[in-house]
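Colleague: Chain by chain, the residues:
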Amino acid sequence: MSSWITEFITVLLSTLRDVAPIMGIIIFFQLVIIRRPFKQLKNLTIGMIYVVLGMTLFLVGLDKALFPLGTAMAEQLTSSDFINPSIDPSLGIVWQDYYWVYIFGACIGFATTLAEPSLIAVAIKAEQISGGNIKAWYLRLSVSAGVSFGIALGTFRIVTGTELYLYIIVGYIIVILQTTLSPKLIIGLAYDSGGVTTSTVTVPLVTALGIGLASTIPGRNPLLDGFGLIAFASLFPIIAVLAYAQVSTWIAHRAVLNNPKEGD
Amino acid sequence: MFSIKNKFIRQIFGSVVDLLPIFIVIFIFQVFILRQPIPNIADIAIGTIFIILGLTFFIQGLEKSLFPVGETMAYSFARKGSLFWLLTFAFSLGFGTTVAEPALIAVADEAARIAAEAGAIEQSELAIDDYAFGLRYTVAFSVGIAILIGVLRIIRGWPLQYLIIPGYIGVVAMTAFAPDTIIGIAYDSGGVTTGTVTVPLVTALGVGLSSAIAGRNPMIDGFGLIAIASLTPIIFVMAYGMFL
Numbered sequence: 458m459s460s461w462i463t464e465f466i467t468v469l470l471s472t473l474r475d476v477a478p479i480m481g482i483i484i485f486f487q488l489v490i491i492r493r494p495f496k497q498l499k500n501l502t503i504g505m506i507y508v509v510l511g512m513t514l515f516l517v518g519l520d521k522a523l524f525p526l527g528t529a530m531a532e533q534l535t536s537s538d539f540i541n542p543s544i545d546p547s548l549g550i551v552w553q554d555y556y557w558v559y560i561f562g563a564c565i566g567f568a569t570t571l572a573e574p575s576l577i578a579v580a581i582k583a584e585q586i587s588g589g590n591i592k593a594w595y596l597r598l599s600v601s602a603g604v605s606f607g608i609a610l611g612t613f614r615i616v617t618g619t620e621l622y623l624y625i626i627v628g629y630i631i632v633i634l635q636t637t638l639s640p641k642l643i644i645g646l647a648y649d650s651g652g653v654t655t656s657t658v659t660v661p662l663v664t665a666l667g668i669g670l671a672s673t674i675p676g677r678n679p680l681l682d683g684f685g686l687i688a689f690a691s692l693f694p695i696i697a698v699l700a701y702a703q704v705s706t707w708i709a710h711r712a713v714l715n716n717p718k719e720g721d
Numbered sequence: 010m011f012s013i014k015n016k017f018i019r020q021i022f023g024s025v026v027d028l029l030p031i032f033i034v035i036f037i038f039q040v041f042i043l044r045q046p047i048p049n050i051a052d053i054a055i056g057t058i059f060i061i062l063g064l065t066f067f068i069q070g071l072e073k074s075l076f077p078v079g080e081t082m083a084y085s086f087a088r089k090g091s092l093f094w095l096l097t098f099a100f101s102l103g104f105g106t107t108v109a110e111p112a113l114i115a116v117a118d119e120a121a122r123i124a125a126e127a128g129a130i131e132q133s134e135l136a137i138d139d140y141a142f143g144l145r146y147t148v149a150f151s152v153g154i155a156i157l158i159g160v161l162r163i164i165r166g167w168p169l170q171y172l173i174i175p176g177y178i179g180v181v182a183m184t185a186f187a188p189d190t191i192i193g194i195a196y197d198s199g200g201v202t203t204g205t206v207t208v209p210l211v212t213a214l215g216v217g218l219s220s221a222i223a224g225r226n227p228m229i230d231g232f233g234l235i236a237i238a239s240l241t242p243i244i245f246v247m248a249y250g251m252f253l
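Residue numbers (the numbering used here), protein chains in the order written: chain A, 458 to 721; chain B, 10 to 253.
Worth flagging that the hints you see were computed from the coordinates, not collected in a lab. Hints may be right or wrong, so weigh each one.
Here are the computed lysine-lysine pairs in the DSS-like style, where the Cα-Cα straight-line distance is at most 27 Å [unchecked claim]: (1) A:Lys496 with B:Lys89; (2) B:Lys16 with A:Lys641; (3) A:Lys641 with B:Lys73; (4) A:Lys641 with A:Lys592; (5) B:Lys16 with B:Lys73; (6) B:Lys89 with A:Lys592; (7) A:Lys592 with B:Lys16; (8) B:Lys73 with A:Lys592; (9) B:Lys73 with B:Lys89; (10) A:Lys496 with B:Lys73; (11) B:Lys73 with A:Lys499.
Quick look at which bits of chain B chain A covers, simulated, 3 or more residues with Cβ under 8 Å [stated by the list, open to error]: (12) 64 to 70; (13) 142 to 151; (14) 204 to 218.
The beta carbon of each residue, even a glycine, is placed where N, CA and C say it ideally should be.
Between the sequences and the hints, there should be enough to build the whole structure, so can you do that?
Modeller: This is the structure:
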């Protein structure tokens with residue numbers, strides 16, 4: 458029990474330290490530059506306490522309940538005992554042997570993104586200002602699908618040892634093509650969803666997976682090849698959200714085109 | 010009071026739904042694929058309650074503090090009409106929230122060790138610390154610049170893709186020249202810079218500004234700050250690797 462209390466206090470202090478510069482900047486600009494007292498100071502203070510308390514509880518819980526099991530799992534799934542390569546190692550790596558790694562990467566990428574607090578925040582805001590045209594839940598599902606595909610492909614890249622930049626370049630080209638074809642309203646949101654997917658919940662588990670994988674495969678350097686998964690997890694959500702917008706406008710168009718016929 | 014309580018309880022249910030997939034994935038892999046028992050069930054149970062309560066409090070606090078603060082500051086700056094102070098605020102917010110980001114500190118230390126092993130810098134404690142420190146401030150500076158450019162873009166009404174697409178082209182072109190050891194780190198640094206407190210605040214700032222300025226649409230112009238803040242670190246970190 459005492460380990461919980463120590464952990465809680467340590468995390469609370471580090472959260473306060475993270476939030477302090479942000480608070481300092483806001484208070485300085487509000488009082489010295491804008492020169493107006495905060496409106497509804499009581500509400501803001503309660504809200505800030507909720508944010509700090511919430512982040513602390515969230516991080517302590519993750520550290521105690523999820524991360525030990527999740528990272529141990531990532532290590533076990535990538536270890537050669539589990540993968541048990543089917544062919545003589547002298548023939549090289551057979552990427553098919555690692556199928557559980559891809560499946561785990563896809564599942565854990567999807568599940569952790571769905572719980573990512575900063576994505577929840579952006580999705581709430583998007584639903585509010587689009588007047589409900591964008592559903593927070595669908596947006597989060599598309600982003601999660603993008604991360605899921607990104608992590609699976611990223612682990613495949615580590616196994617096969619192909620160059621990171623080739624994937625990134627192809628990904629960027631797809632994003633640019635989609636941008637020219639997508640409704641204007643979605644572009645900013647789609648680009649933003651690339652940046653918000655990778656924080657508190659996703660990064661530790663995905664990093665463990667990448668480093669575990671890069672250290673078990675002969676010829677991979679965990680320090681070099683372990684990186685790059687986060688980049689995949691930031692790129693594919695953009696593609697997924699743009700695709701979501703394209704598909705939903707297409708469905709809306711089709712509904713408009715089909716309706717008159719039904720009326721005949 | 011009753012309605013507040015109700016909202017809180019609804020939010021708890023929401024948090025449970027948000028977190029359920031992680032537990033399902035972990036459970037299925039542990040029991041059916043790895044065929045092992047679940048260790049420390051008590052710790053997991055208490056930890057789960059912490060996570061659910063934490064997410065619930067965070068989302069409640071978001072709507073009470075981070076969103077309104079970001080939006081009212083955007084309105085105040087728009088009414089004040091001083092571009093200089095708005096841009097100074099934008100830069101400070103980007104720089105100040107990034108420089109202390111724990112994920113960034115971890116990545117910078119890792120990068121310094123890799124650079125030392127690869128022989129790019131001297132393999133001494135001092136050189137490694139210098140390199141990590143320089144990298145951290147480079148990234149923080151690049152995020153400050155990103156928020157500054159992003160705010161300027163909202164004010165001027167430039168389409169976001171005119172900034173992002175040349176940025177991508179810059180990233181691709183620099184990849185060809187940057188040392189191999191820095192590329193993975195550079196790409197990842199774009200993802201680690203936007204923390205859980207920064208994202209809602211910066212989003213509210215963008216949306217608030219684009220609602221306050223006539224002729225801007227919050228949906229088209231309001232988003233994009235985070236996208237720019239995820240792109241500039243990649244460019245700046247590669248530049249750091251090339252010139253150091």
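Colleague: Each hint needs a verdict: does it hold in this structure or not?
Modeller: Hints versus structure:
1. A:Lys496 with B:Lys89: Holds. Lysine 496 of chain A to lysine 89 of chain B sits at ~17 Å (cutoff 27 Å).
2. B:Lys16 with A:Lys641: 34 Å, violated
3. A:Lys641 with B:Lys73: Answer violated: lysine 641 of chain A to lysine 73 of chain B is near 30 Å, above 27 Å.
4. A:Lys641 with A:Lys592: Satisfied, since the Cα-Cα distance of roughly 17 Å is no more than 27 Å.
5. B:Lys16 with B:Lys73: 13 Å, holds
6. B:Lys89 with A:Lys592: Answer violated: lysine 89 of chain B to lysine 592 of chain A is near 34 Å, above 27 Å.
7. A:Lys592 with B:Lys16: 19 Å, holds
8. B:Lys73 with A:Lys592: 21 Å, holds
9. B:Lys73 with B:Lys89: 24 Å, holds
10. A:Lys496 with B:Lys73: Roughly 12 Å between the alpha carbons, so the hint for lysine 496 of chain A and lysine 73 of chain B holds.
11. B:Lys73 with A:Lys499: Measuring from Cα to Cα gives roughly 10 Å; hence the hint holds.
12. 64 to 70: holds (count 7)
13. 142 to 151: violated (count 0)
14. 204 to 218: That given contact holds, which follows from 10 residues of the region 204 to 218 of chain B lying within Cβ reach (below 8 Å) of chain A.
Hints 2, 3, 6 and 13, counting from the list given before, are not met by this structure.
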